[in-house]
Amino acid sequence: MSQPLLSVQNLDVSFTFQDGDYAALKNISFSVYPKEIVGIVGESGCGKSLTSHAILGMLPTNAMIKKGSIQYRGTDLVSLTNEEWQSIRGSAISMIFQEPMTSLNPLLTIGRQISEVLKKHTGFCNKEIKEMTIALMKEVGLPRAEELYRAYPHQLSGGMRQRVVIAIALIGEADLVIADEPTTALDVTIQLQILELFRKLKQTRNTSLVFISHDWGVIRKVCDRVIVMYAGHIVEEGPIEEILQHPKHPYTQGLIQSIPDYKKRGEPLHTIPGRVPALRERRGGCPFVDRCSLRMDICQTTYPEGKKHGNHQVKCHLYAQEAINI
Amino acid sequence: MKYALYKLSTFLMTILLVSLIIFTVFQVLPGNPAQIILGMDADTQQIAQLEKELGLDKSIGERYTSWLSGFLMGDLGDSLKYQQPVLDVLKDRIPVTFSIAIYSILLTICIGIPLGIYIARTDGRWISVFLSMFTQLGIAVPSFWFAFVLILVFGVTFQLFPTFGYVPWSESFIGALRSYFLPSLALAISNIAVVIRYLRNTILDQAKMDYVRTARCKGLREKTIMYGHILRNALMPVLTIMGLIVADTLGGSIIIENVFALPGLGNLLIQSITSRDFPLVQSMVLYIAILVILVNFIVDLLYKLIDPRVRLKG
Numbered sequence: 285m286s287q288p289l290l291s292v293q294n295l296d297v298s299f300t301f302q303d304g305d306y307a308a309l310k311n312i313s314f315s316v317y318p319k320e321i322v323g324i325v326g327e328s329g330c331g332k333s334l335t336s337h338a339i340l341g342m343l344p345t346n347a348m349i350k351k352g353s354i355q356y357r358g359t360d361l362v363s364l365t366n367e368e369w370q371s372i373r374g375s376a377i378s379m380i381f382q383e384p385m386t387s388l389n390p391l392l393t394i395g396r397q398i399s400e401v402l403k404k405h406t407g408f409c410n411k412e413i414k415e416m417t418i419a420l421m422k423e424v425g426l427p428r429a430e431e432l433y434r435a436y437p438h439q440l441s442g443g444m445r446q447r448v449v450i451a452i453a454l455i456g457e458a459d460l461v462i463a464d465e466p467t468t469a470l471d472v473t474i475q476l477q478i479l480e481l482f483r484k485l486k487q488t489r490n491t492s493l494v495f496i497s498h499d500w501g502v503i504r505k506v507c508d509r510v511i512v513m514y515a516g517h518i519v520e521e522g523p524i525e526e527i528l529q530h531p532k533h534p535y536t537q538g539l540i541q542s543i544p545d546y547k548k549r550g551e552p553l554h555t556i557p558g559r560v561p562a563l564r565e566r567r568g569g570c571p572f573v574d575r576c577s578l579r580m581d582i583c584q585t586t587y588p589e590g591k592k593h594g595n596h597q598v599k600c601h602l603y604a605q606e607a608i609n610i
Numbered sequence: 007m008k009y010a011l012y013k014l015s016t017f018l019m020t021i022l023l024v025s026l027i028i029f030t031v032f033q034v035l036p037g038n039p040a041q042i043i044l045g046m047d048a049d050t051q052q053i054a055q056l057e058k059e060l061g062l063d064k065s066i067g068e069r070y071t072s073w074l075s076g077f078l079m080g081d082l083g084d085s086l087k088y089q090q091p092v093l094d095v096l097k098d099r100i101p102v103t104f105s106i107a108i109y110s111i112l113l114t115i116c117i118g119i120p121l122g123i124y125i126a127r128t129d130g131r132w133i134s135v136f137l138s139m140f141t142q143l144g145i146a147v148p149s150f151w152f153a154f155v156l157i158l159v160f161g162v163t164f165q166l167f168p169t170f171g172y173v174p175w176s177e178s179f180i181g182a183l184r185s186y187f188l189p190s191l192a193l194a195i196s197n198i199a200v201v202i203r204y205l206r207n208t209i210l211d212q213a214k215m216d217y218v219r220t221a222r223c224k225g226l227r228e229k230t231i232m233y234g235h236i237l238r239n240a241l242m243p244v245l246t247i248m249g250l251i252v253a254d255t256l257g258g259s260i261i262i263e264n265v266f267a268l269p270g271l272g273n274l275l276i277q278s279i280t281s282r283d284f285p286l287v288q289s290m291v292l293y294i295a296i297l298v299i300l301v302n303f304i305v306d307l308l309y310k311l312i313d314p315r316v317r318l319k320g
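Protein sequence lines correspond, in order, to chains A and B.
Letter 64 of the first sequence, counting from 1, is numbered 348 in the working numbering, and no numbers are missing.
Letter 92 of the second sequence, counting from 1, is numbered 98 in the working numbering, and no numbers are missing.
Accuracy of the hints is not assured; some may be wrong.
Simulated crosslink set (DSBU-like; lysine-lysine; CA at most 30 Å straight-line) [unchecked claim]:
1) K403/A x K58/B
2) K310/B x K351/A
3) K310/B x K404/A
4) K414/A x K403/A
5) K87/B x K403/A
The hints are simulated quantities; they were obtained by calculation from the structure and are not laboratory data.
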């Protein structure tokens, strides 16, 4: 396989509160290869968004990287200065946010908000920048782009605003785009249109995408590979179809059983009892132990090692004997 | 354009309403003006004669319309004390008060806004805490006290600025700038403090918004984010405060003009109230009211200019 574009190794992130430090991400390792779409799934509070913020160097002020590295094309991002970050953001790595309603500045025109990225990172003249912006606006499916260039966010619908946010992320031709629940705040029909747009962009552009969602339907539509996170840990990772057909971790199994399906019409929807433990409640052992129906004694005390079956990887004591250690 | 016309019509309606209120208030004030002019021992015939001359024998409605039409024609009647048209009395006073008011508002903007940005940017550091404490003081202490302190320090001790009277703009620009400096600053200090505190808070609020995160993700420099994104949004509420400050400044000038012995409108207002010069007081109150309404009208237009979301009923 080719060199990874992004490689996260043994990343630990902690929050500092008055009563001490609490680990929010533990031992996170994964890679993203060129032209690949990787999904990150998990319930709220699992650390999906925190992972994406760490990759962009935009952790909240009370959060800190304790250990590990984040490499982008071989450069370690963890030790970058502010100026170095500014040259990476927008042009090498960019991000699409969940809330299209609030992620745009209400007082600036759409055109200015998109073209700003080019003004910062390239030396094109204003006319070229405007042409490139309008061309991209058309590419992401904004109708009457010339007119919308001068429009303000409040004049646009939610779906159109999300297309603007996507255009902002794409205009700098970043190699890696992180999309944090980009369709969650949208109507289902608009959601589908935006997912279609991602699929189209996957074919037309050389961009890798990290797609964060709690919605398996969304993940299945766009992703090649999926990472399942639980309470700050990666519990399972593998190709999307493989995970959907043969989930190994009890948490992944629970999640997949919770997907509503026509075949299960009339039956009550499956749920995983309990909730994600809060930061302060997390202790040693497997983080899922309290909610797991298959728990063993060892789960209470020891954190499971990662086991690899081909390109499918799982961290669970159930599979301790089965496969090769990594 | 539609917005401006709508605002203009409400502006005119408000002035009409205010003129009606002012007129009514002066009608119900105790004391017959004719009696006041002629003194306590005038006989009833003389009083009736003067009432007729002043038009006091007509009905209230007639008097209101004649006063209002007079006002529109630029004829506000004669001042009782000065025995000359009200406009002539005001003519010399207006430049003094306007100079102080405009000067002090410019000082408020030029000092308050940069300091507000600075304090927001250094939020959490000791310098910011220190300056915030001072703004608290600036709000709490009345302007005439600042006036005394400024006179003592700059006028008496260092003798940098004159402490009373003024130099007209036509005579010497620099001289006028110097002579108006202390009163304007005394008037501006508490407003500066208000603007600093307000701007700091709105900037810090705006800095938490999602669009700032988007801007940061674009790789923009912190300076660009502050001046290109945050500041515009943060200035909207400050604009509202500025409207109030202008009204406040006109009121505050009454005290400050007395401290610095400046012959302005504030000074005149107090004199004409004590001498019951009703035509003068009535016109001045109307002028001040119109000015305040005008400032609010301008603020409304500025809103529209800054924020594209502002709509008719917005």
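Now for the hints, and whether the structure bears them out:
{"no.": "1", "hint": "K403/A x K58/B", "in the structure": "violated (76 Å)"}
{"no.": "2", "hint": "K310/B x K351/A", "in the structure": "violated (50 Å)"}
{"no.": "3", "hint": "K310/B x K404/A", "in the structure": "holds (29 Å)"}
{"no.": "4", "hint": "K414/A x K403/A", "in the structure": "holds (10 Å)"}
{"no.": "5", "hint": "K87/B x K403/A", "in the structure": "violated (67 Å)"}
Violated hints, listed in ascending order, are 1, 2 and 5; each of the other numbered hints is respected by the structure.
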